[in-house]
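Assemble the complex: chain A is given as a structure, and chain B must be docked to it using the hints.
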Amino acid sequence: AQSVTQPDIHITVSEGASLELRCNYSYGATPYLFWYVQSPGQGLQLLLKYFSGDTLVQGIKGFEAEFKRSQSSFNLRKPSVHWSDAAEYFCAVGYDSNYQLIWGAGTKLIIKP
Amino acid sequence: KAGVTQTPRYLIKTRGQQVTLSCSPISGHRSVSWYQQTPGQGLQFLFEYFSETQRNKGNFPGRFSGRQFSNSRSEMNVSTLELGDSALYLCASSLDRAEQYFGPGTRLTVT
Chain A
1 AQSVTQPDIH
11 ITVSEGASLE
21 LRCNYSYGAT
31 PYLFWYVQSP
41 GQGLQLLLKY
51 FSGDTLVQGI
61 KGFEAEFKRS
71 QSSFNLRKPS
81 VHWSDAAEYF
91 CAVGYDSNYQ
101 LIWGAGTKLI
111 IKP
Chain B
1 KAGVTQTPRY
11 LIKTRGQQVT
21 LSCSPISGHR
31 SVSWYQQTPG
41 QGLQFLFEYF
51 SETQRNKGNF
61 PGRFSGRQFS
71 NSRSEMNVST
81 LELGDSALYL
91 CASSLDRAEQ
101 YFGPGTRLTV
111 T
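Chains A and B, in that order, are what the protein sequence lines are.
Each residue of the first sequence is one higher than the one before, counting from 1 in this note's numbering.
Each residue of the second sequence is one higher than the one before, counting from 1 in this note's numbering.
Isolated chain A (complex conformation) (with noise of 0.2 Å):
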């Protein structure tokens, strides 16, 4: 079965450092990816995709993601984090061959002053 892993459920990183958050996917196929982060009590905004072509991909808030197809991997990065990033964060993969996303649980990401 077509599955989305975020080993991490929680991760807190300081304010001013940099930031991965991970995300794993299960299916061979080359996979549409995306990040969607959500502050509590809201809906989710999307961050960026991956559709084809260069395999790093720019996104809002200074967020940036890598596809690496031979470790099946879409990894979220920051260079330095803000407290405002203090959010949950998910990851969520499509295939042509299947109309949905595929969600992963999610990552909590606390912010130390």
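I should point out that these hints are in silico values taken from the structure, not numbers from a laboratory.
Among these hints, one or two may not hold up.
Said to hold, decoys possible - With a straight-line Cα cutoff of 30 Å, these simulated DSS-like cross-link-like pairs (lysine-lysine) come out:
hint, chain 1, residue 1, chain 2, residue 2
1, B, Lys-1, A, Lys-61
2, A, Lys-49, B, Lys-1
3, B, Lys-57, A, Lys-49
The following block gives chain B in isolation, referenced to the frame of chain A:
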């Protein structure tokens, strides 16, 4: 362009009642998906509608139903509410096979 709107934003219902939630997608988007989000279960897919047809369905009981109108607006209905139905219900719209854009959600509390 206006974003996805969901009404109402907050709702309190009693066990056994039914509820209808509404979602208006981004103009031009014909796909609407519904999700249930709870602290314990995360984001769970309910169903997706495309051009008034249910195209995909998650693993929820028949008490959960939905529909889509010709203007792409969608409603979901939950009958015979249970305490466990308390959740944030999210609607997302998209052009076909593309990124989804989410509304702010409807917070349903069942007492």
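For the pair supplied as a hint, Lys-1/B and Lys-61/A, is the alpha-carbon distance within the 30 Å limit?
-> holds (21 Å)
Taking only the CA atoms, is the gap from Lys-49/A to Lys-1/B under or equal to 30 Å?
-> holds (20 Å)
Has the given pair, Lys-57/B with Lys-49/A, been kept, meaning a C-alpha gap of at most 30 Å?
-> OK: Lys-57/B and Lys-49/A at ~24 Å, within 30 Å.
Of the numbered hints listed earlier, not one is contradicted by the structure.
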